[in-house]
Amino acid sequence: MSTILAKKISFAYTLPIMNNIEQKYAEFILNEELRIEGGEKLTINANEETIAFAHLLAHMAAEKTGVNVQIVFIDHGKVESVDEIEPDFQEKASGKVCMLHLASFPSFSPLNDENKELSAKELGEYRVISEPVIAGRRVAVPWAICYVPTPAWAEFVFGPGATTDSLWLLLSDILKLDSEDNSLRMQHQILKNRCAKLNNANITQLILKSNSCDLKLDINQELHLATTSTMLSSGRLFYPTAPCEEVIIPLSKHSGSGKFITTYPFRLFDRVFSSAEVSIENGKVVSFKVEDGTTHITKYLSIDEESKCLSELILCDGYTPSSKLEVSTGIPMLDRMRTTSLVLGGITPDTLQAESDEDIDKTIINNSFVRLELPLGSKDLSIQGITEFGEIIDIMEDGIILF
Numbered sequence: 001m002s003t004i005l006a007k008k009i010s011f012a013y014t015l016p017i018m019n020n021i022e023q024k025y026a027e028f029i030l031n032e033e034l035r036i037e038g039g040e041k042l043t044i045n046a047n048e049e050t051i052a053f054a055h056l057l058a059h060m061a062a063e064k065t066g067v068n069v070q071i072v073f074i075d076h077g078k079v080e081s082v083d084e085i086e087p088d089f090q091e092k093a094s095g096k097v098c099m100l101h102l103a104s105f106p107s108f109s110p111l112n113d114e115n116k117e118l119s120a121k122e123l124g125e126y127r128v129i130s131e132p133v134i135a136g137r138r139v140a141v142p143w144a145i146c147y148v149p150t151p152a153w154a155e156f157v158f159g160p161g162a163t164t165d166s167l168w169l170l171l172s173d174i175l176k177l178d179s180e181d182n183s184l185r186m187q188h189q190i191l192k193n194r195c196a197k198l199n200n201a202n203i204t205q206l207i208l209k210s211n212s213c214d215l216k217l218d219i220n221q222e223l224h225l226a227t228t229s230t231m232l233s234s235g236r237l238f239y240p241t242a243p244c245e246e247v248i249i250p251l252s253k254h255s256g257s258g259k260f261i262t263t264y265p266f267r268l269f270d271r272v273f274s275s276a277e278v279s280i281e282n283g284k285v286v287s288f289k290v291e292d293g294t295t296h297i298t299k300y301l302s303i304d305e306e307s308k309c310l311s312e313l314i315l316c317d318g319y320t321p322s323s324k325l326e327v328s329t330g331i332p333m334l335d336r337m338r339t340t341s342l343v344l345g346g347i348t349p350d351t352l353q354a355e356s357d358e359d360i361d362k363t364i365i366n367n368s369f370v371r372l373e374l375p376l377g378s379k380d381l382s383i384q385g386i387t388e389f390g391e392i393i394d395i396m397e398d399g400i401i402l403f
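Note that our numbering gives residue 22 to position 22 of the sequence shown, counting from 1, and the numbers run on in steps of one.
Careful: at least some of the hints might be erroneous.
[What the hints assert, rightly or not] Below 30 Å or equal to it, Euclidean Cα-Cα: the simulated DSBU-like pairs (lysine-lysine) are:
hint, residue 1, residue 2
1, Lys64, Lys259
2, Lys324, Lys216
3, Lys41, Lys24
4, Lys41, Lys92
5, Lys284, Lys197
6, Lys289, Lys121
7, Lys41, Lys192
8, Lys259, Lys289
9, Lys284, Lys259
10, Lys289, Lys216
11, Lys64, Lys92
12, Lys197, Lys259
[What the hints assert, rightly or not] Here are the in silico distance ranges between beta carbons for each label pair:
hint, residue 1, residue 2, range
13, Thr363, Ser109, 33 to 41 Å
14, Asp173, Leu237, 18 to 26 Å
15, Leu169, Pro106, 19 to 27 Å
16, Leu237, Val286, 40 to 48 Å
17, Lys192, Phe389, 24 to 32 Å
No lab work stands behind these hints: they were computed from the structure.
Quantities reported herein were computed from a predicted structural model and do not represent experimental measurements.
Virtual Cβ for every residue (Gly too), placed ideally from N, Cα, C.
Given only the sequences and the hints, what does the whole structure look like? Please build it.
Take a look at the structure:
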């Protein structure tokens, strides 16, 4: 182990007790997201900015499970060290494992040139890269990705001079860390029931209407509805991300029309835009207007042919803790929980029914390399589904999902 790394880890051990919110966040990750069990071995991936929180969480996990917790320190994409945290009293290992990635807000360069070719690494840093569509990619063990507040993230969200305290308070609010009612125990069943009811209704088309939205969208029948909450074949439940509020409805990339105005700030590359006016025809963006953002829009829409095409509607209730956020966090997995959003670009792989690469190749999907989620939900949004027999089913009214 390098001298520099040894100092980092030593410093992590000598940190004073973290504040109450950090402690509760660690408990929430272990108890509600991972739902960690006795005897289960946890592996935590951390970087320089998240290593201190990793040690806090690892010590808590070791005492909860009774077995060693592994911290993998990663620097610039390379494993620099592996550290074992032991519990005070060792219990018998169950042989089960789970994984946690503690992420930090990535650094990025300003986007000043719409003609600049962006690498996959840069697209990832800008948080516009879509997930790869690979057969058999599903991880068969519980896992989660959790962001840890950092100064760079605080300044992106709240402006120059902002501290991480603001982000800790934001996480506390949207995860209800100070409430006794912050359990995710029933959320999986609620979301699965919503998916099942929509699937069973055989809906082929969606009609969205509000003061700022008028859209007609066709559902992609080759894919299925999905949500973030996950239950393995063993019955083991976990939440890869939190909050967890969404139902993902796959859309046809070849049809769908209308227009809408975004209702929340959204991030595109290095900037946050307060509002955009978007028009769709035949499943493609034909107009995308934002104030002082021509470079960003032109760049995104030109990355590949399908970056401008529809892929999903992310259905979210309009009355959740996240819906009260008046900012963009810059992190798609957090921003999408604020409200219902329309997605351009790559699909969510969990909506795939195909089990092999050959089956995937036969499935008509949006296979764009990038992805942009545009918030359009509001307190007056209504959504109706049209079945293959012409029956009308109310899905949302005044921003509230009706089942």
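**OP:** Of all the hints given earlier, name the ones this structure violates by number, lowest first.
**Re:** 1
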